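Peer 1: The listed protein sequences derive, respectively, from chains A and B.
For the first sequence, numbering that gives the first Met the number 0 gives the first residue as 0, with consecutive numbering after it.
For the second sequence, numbering that gives the first Met the number 0 gives the first residue as 0, with consecutive numbering after it.
By construction, these hints were calculated from the structure, which means they are not laboratory data.
A portion of the hints provided could be inaccurate.
Said to hold, decoys possible - Which chain B residues face chain A? A few, computed with CB under 8 Å, are given here: (1) R50; (2) G51; (3) V86.
To be verified - So these bits of chain B aren't anywhere near chain A, every CB distance computed over 10 Å: (4) Q98; (5) S100; (6) D104; (7) H115.
These figures come from a predicted structure and were not determined experimentally.
Yeah, the Cβ is synthetic: ideal placement off N, Cα and C, and Gly gets one too.
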Amino acid sequence: MNRNELMKFFLEEADEQLQLLEQEVLKLEQDGGSEATIQCIFRAAHTLKGSSAAMGFETMKSLTHEMENVLDQIRGGKLAVSEAIINVLFLCLDRLNDFKKQIEEHGVCEGETGPLVEELRKLINGENQAKASPAKESIEDPFGTEARELLGEAKSEGFRGWTIRLRISEGCEMKMARAFILRNRIEECSKVIAMRPGLEQIDEDAKGALEVTYLIACLKEKEDIEAYLASVMNGEPVEGFELLDEHLNPPGTTEDFERNADSRSEESEALSGKENESPAVPAAPVHSAAPSVRTEGEEPRRVTGQSVRVDVDRLENLMNLVGELVIDQTRIAQVGGLLRGLVSADADDTMDEFDSIANHISRVVGELQESVMKTRMLPIEQLFNRFPRMIRDLAQKIGKPINLLLEGKETELDRTVIEEIGDPLIHLLRNSADHGIEDPEKRLASGKPEVGTIRLKALHQENQVVLTIEDDGAGIDAEKIKRSALNKKLITEAQADQMSEQELIYLIFAPGFSTAKEISDISGRGVGMDIVRSHIEKLNGIIDVETKPGEGTKFTIKLPLTLAIMRGLLIRIHHSTYALPISSIIEIMRLPRREIHTIKGQMAVRIREQVLPLVWIHDHFNVPRPAVRSDDNVFIVIVGAAEKRIALVVDELVGNQEIVVKSMGAYVGKVDGISGATILGDGGVALILDITGIFNLSGREKGLPPDTLAV
Amino acid sequence: MEESGQQFIAIELGSERYALPIAHIYEIIKMQKITVVPNSRFFMEGVTNLRGKIVPIINLRKRFGMEEIAASRTTRIVVVNHEEEIVGMVVDRVRQVIQFSSIEDSGESTSGIDSHYFSGIGYLDDDFITILNIGSTLR
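Whenever a hint applies, use it, and build me the whole structure from the sequences.
Peer 2: In structure tokens form, the structure reads like this:
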């Protein structure tokens, strides 16, 4: 087994162990640590220590070793679980995750663990013995002594040492060559003493952008070098560069720079809702000197874990190819049938063989189709699992105890939807925590439990995914929204007077709206809800707000399953096959025609003491109603939307199958009663009936608002 | 009159011939199963599956108010790509690729169809064919 394979195993394992650690540490915090939890954490840390040592990642090993010491103390009962311990453990996990990412990207991990180790040791020794144990693991010098000596010589001649760190974008074809060309370009204005990674160490096949650091000696001033670099980088496939001093520290007032960098990254985190929140814990400045300065907002391509990230376009393409196969496969069967009639009896054996091959192909293609369809779906759990930690850190930061309840983790969603919905959910959760949940004192004063509750729920409803975020906080004050909107000149006085309470509340989605008096880094930048709205619009979803002053707020997001697969019931109306989402079907039955009654001009059937409006979709689709059968029965499918129910008459029931929802495109446009189309096993197209649309159709015809059809 | 190196596909609807710029043609397929879309435009035949993509199909005969006929062996669907929309057009027959010696921008009506569906007339030797304006034909 070569190192690459080993590395893959190591990263996969590290990924799993780190996830496990995070889960278990959260558990430790919640239940104070059962024997099993502590054992589990200890084992995971131990495994990680062992594997990182085996791979020679010294910094990672030493940090896990120190964690292990603390965990051992907890396990032995010598140390009680406290908030401080949990916080430090989380910081360690963040650091380890950081290391893992570095290893993924560059194959090496560097960085200071000193302050963290110190924190860990403090925990063991107790606060009083908190004498600074000098950080043994100081920053490793990536350039080595030889380069330093060369730099020393240059410096004695009046040169100054600098380092340039840049990232060659992922899309660049020959990173090694590019790194070398850049080196030569830099050489034009300075002496390049060394570069890391060296040319021979650059892995062309590595995923992600390549970070290269050059150690240079130069006579010029910082501004001049920067200006020169900017001109060099212009047009190169470089995602960004920075000029640092010779020890890889930002030049000038180091502190200022760091503060800026920190707030900047935090902001972008908040905006883009990336994970890895850095909890504000008065620990050592763990951020500083971390060599993992990445272009913000760019997650490295992860290659580890038990899953592989696949571009959705590729899956789409795969799906289309399978679609072609399905059509061809049915053709083969048809053509085979024709051939049999044409060839003489001598060829029977050959034809038999042909048939058995055709059968096999159709079986394989069927399975292939199913597998590809399944690949596109993911349980929302993946996304949900990010939230407990986020809320925990947030709750601590803002000093409000919050309990996050997750429901419907197993709900399957199309992967594109999962990717898109992450940011809006993070924003809404943050908003609920920051604006919704009141301070503990206030909660107690108004007779609520001290701990605030946020409930995040996912479920399938009809052909939609419904996500709800509900808090038991203060609710939204329409008056306050109105004042704020007036202050910000989002609406005029005249407009405000005309607006209903609900309309006022929906102003929170207006661009530039924020009620927070001071801008906190959690929410309140006035962009959050706007982002939420635009993301949901992009997914063709809708969002609703229900709020009760003093009781809480509930956001309901409904997303169509544009790309999702669902189970559909295939029915026939006239000569066309239609699909109905199984999730909206209440019941299927056969009923004699004479049991269809007309009540106030509305056809209806009585089913088990319940009167349901009945609809002949035939009338709406301008096709004849089915001929009366000898037994006078009709097939009826009872469908529902929210609390409403309706009975549809269909000609025939065909069966049920997994259907992939496809849009019919802008050219066809919106057709009443149709939500999309799907491709059937034989390659034909079936239209998908839109239940809500049918409710509207039938209501409109009778001149009644759709709501009056509710039973 | 101007010279043109542009290539066209000649199609037939009954006795009438039209030309479509080849650059807009995505594919030409045989007649296949089309699913009717209720309550859609009058000249809309329905939708079909083109390798996993749902493609709307219009009927040119219906579009031009001509008598409808049943599909035959020669019936084809000319799939065009117009402003990022893929749309199929049912025609009686697809003839050949032609290159006109000259093209005259839109002209008087030479057939029973409103001139607003034309983008011009292509001349080749003694012959001339009306060039369809795909945009206005689809609209």
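Peer 1: Work down the list of hints and note, for each, if the structure agrees.
Peer 2: How the hints compare with the structure:
1. R50: 5 Å, holds
2. G51: At 3 Å from the nearest chain A Cβ, B/G51 passes the 8 Å test, so the hint holds.
3. V86: Given a least distance of 6 Å, the restraint on B/V86 holds.
4. Q98: 29 Å, holds
5. S100: Given that every Cβ of chain A is farther than 10 Å from that of B/S100, nearest at about 34 Å, it holds.
6. D104: Given a closest Cβ separation of 27 Å, the condition holds.
7. H115: 19 Å, holds
Going through the hint list in order, the structure satisfies each hint without exception.
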